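Asks: Assembly of the complex is requested from the two constituent chains, each provided in isolation within its own frame, with the hints serving as guidance.
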Amino acid sequence: MGSGTDRKKKDKTIIRTPEGTVTSRIVPSRGNFVADICPVSFDVKVKPNIWAIQGASITMTKNGSRYILTISGEEIGSLNQRLSAIVANCGDLGIRYSGKIVIEKEVIHARFHRIA
Amino acid sequence: MQDFIESHKSPSLFSLSCETSTGKFAPYVLPEESSTVQESCENPYNLNVVTCKSPDLQAFLNEVDGLEMNTRVNSRIVKLPHYMPVFDKNVSHLPTLSNDFPVVGVSLIDIINNGIMHKAGSLHEGKEPAIRSSLLESPCFDNKKIILFTSGPDSLIENIWHKRHRIRYFEIISGMGLLAATGFNFSLINGECAFSQGLNIKRSLQSCLEYENSGIAAIPHVYALNSHQARRWVDWFRSNPNIEYFAINCQLQKSTHDINQVIALINYILGRLPRLHVILQGFPYKRLKDFNALINNIHIADASPVKNAMGHRKVLLYPGTKVYKSLSQSNLSVSELILNNIDCRKVMLDHERAKINNVKKSSGLLKKVS
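Protein chains in written order, with the numbering used here: chain A, 1487 to 1602; chain B, 29 to 398.
No wet-lab data here; the hints were simulated from the structure.
Model, not experiment: these values are computed from the prediction.
Where is the CB? At the ideal position from N, CA and C, for every residue including glycine.
Among the hints, erroneous ones may be present.
Reference excerpt, derived from the structure (chain A facing chain B, CB under 8 Å, subset only) [as the list claims (entries may be wrong)]: (1) 1499; (2) 1531; (3) 1602.
Pulled out of the complex, with its shape left as it was, chain B reads as follows (with noise of 0.2 Å):
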């Protein structure tokens, strides 16, 4: 079978001993998607994830009613703008930033305290997880419409999503005042049961329905690995036609495979449902070419403002030069530095926006002319 950017993957030995082979999980997970699978599905204790031989499956399967994508998700949310910056928690002291940025973004982790641990080399889970719920409070979201990022370090989110009736996670969160939250990004990784991954699918999109009971507008993550797995999303967008927007965290897709991959699955959707926006976290600039016309339908939220001002890294700009963009070590204050940060960014993201529009125009015109 070809994955979903048409690089061959042999089926493997552990292919035909993962229980969706044999056509246990259709049509929800299809056999020939075992031919990916890489390692052993034997998994006893679920670490990382839930296979399809674990001892847990059922309890796993009745939380998100089976593996069928039938959750039914309305929110409709206002109109974005193509850059939203992402705050964290060292922000507080950020003043009021101005009207340019209408809408930010603020990410999992900065609004729990305790939810994970970083010991002797690992990320552990935290005992007592709490939610920030006075964060939003700062100055700096002032006026603000903020989207909460449900993303981060797995021991996070698995951690945050088994605690989540008992911390209240819902019910607290959803007094907030968030314009909307995106689902929790689950991982789905290369080579892994078949299973475990539609699992995955649909745990983010049950929590995006949890969500939605909580009185929070819910923006889907979307993640796919494979071409059965996008026309199932492209299905379950084409039965919630309220949903315009989800979202894909790009920060651990590090490699020009995995980044490739990301930009198939949004042409992928993108071009067979025009109506959807996409909001791409930790997306690198440079590869944003490779949406072509559908550069419209990308929205960018960026955390990297923030973590180089927090770093005294400055972001210069050097427009029409082929260096464009540098970091230097500055001693501007922090808050200085963010907003410097976020102009700039911005002002590159216009840019690259502006040059793919113009070679979109100027082959329209060819095509005319021709």
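In isolation and in its complexed conformation, chain A is listed as follows (with noise of 0.2 Å):
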């Protein structure tokens, strides 16, 4: 939104190529189709634990068709069938996770964002 020196971190995009314009590509844009299906973040809600602090980073696993959240060795979630797929399809794209703890309203999540 703007010109300077840094961008918004919560305003993170990815700009889909044009719709309706011609191009010497058969396959469509890789962009177009991550932005399709790898959501931009998304928050899990997560046990309390004694690791559950505020900023603290989160390690995913796969385990089996789902993906286990533990914080220092400890586990503290997992996630759902549906996040699993998308987790697990974004990754063959080369798209992963980032996730740390977040605390809103007393409620502890595991918040996670896109690195494209």
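Replies: In structure tokens:
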């Protein structure tokens, strides 16, 4: 939204290939595909835990078809089937998610942001 | 290379890997502009910007007919006042304002429904944006001329631009009775790919053309981070002699460096083309004095009275004191606060302009005496 030195951290968007433009590319834009299936961010409610403090980094590990969330080796929650599938599909495209603990109104969330 | 305000920037390792360094995009982006690049241009998913290495580069170039600033815009608009309040979507209950404010602004974010969502700490693009085509029928817009400032978060701007044909953006906007609309303010960020900056300048110009083709007078939105970009804008204004106004959204420019850069850019353009006037959004009043003799070419679009009123803050003035202005919590109604705040901000602007003009006059007199 401006010119200057820094972008706003919460305002990160994938610029989609123009609609209706003719290109020589046969495959659709990977950017559009990522924008469609990989959300910019998502929250997962986690159990209260001694390690779940504001800003703590979260590790996401695949276990079967689900992703388990841990802090310092301690399990604090997991992604549901839908989110696990999204993270797996996005991972195949080279998209990762980085997570931190966010506490808002006394509710503890694992907040993940897309890293393209 | 030095940036626009002469602060020295050393080329980085990324400068040499930017495709602009090879001259591939010259003369529209010069090789030396790559020396400001401070981060990798590898960006396969077009995150935030479309870089020189984008796999979709040609599609983006096709959309704007290349990087050359050859877009013709002919919109003429009526003479604008120096102060223009900007309303938002929460103003529908406001009474009609006095005739002291014949021109008011409205921002893109306020005329769009579902353009963006705030979720999990980030802005997400809305899937089905729609235009609030009846917003401007609210009483506070009665008998007003309205300028649409096509500015907002990148997530919104890019989403609307991408879907503009699908949502019939220009067609619907053209039926809303606007006086004019500014070009889309696609971001230019220091240190990013030089090609992406050139592309975003051209995309903004293209949006002006699309406004104009839809029957809406267009006000170009100008960003430039180095003297090459500024020079290209001056050349563009010279080839588009009907344009009298341009706009700059300064809401992201918080640091002294960034504000200095805006001031330098405006002084550069107006110094060469005194016929032009600039509309500044979100510009700090205390820096108006940096425009000196050009102050009469500066117009302010001001959203702060409404924003403060929504937060129940009242603007208070203490003329003749050092404090001059303060904000205080108030129990007045939002409508009353908006009216008070708009009046105060206009008085403040008049005061700043009078101060600068008096200095101008007295220095003129001094010159005559000496």
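Asks: If you take the shortest Cβ to Cβ gap from residue 1531(A) to chain B, is it below 8 Å?
Replies: 11 Å, violated
Asks: Against chain B, with CB atoms and a cut of 8 Å, does the hint on residue 1499(A) hold up?
Replies: 4 Å, holds
Asks: Should the hint that residue 1602(A) touches chain B count as held when the rule is a Cβ pair under 8 Å?
Replies: 4 Å, holds
In terms of the numbered hints stated before, the structure departs from hint 2 and from no other.
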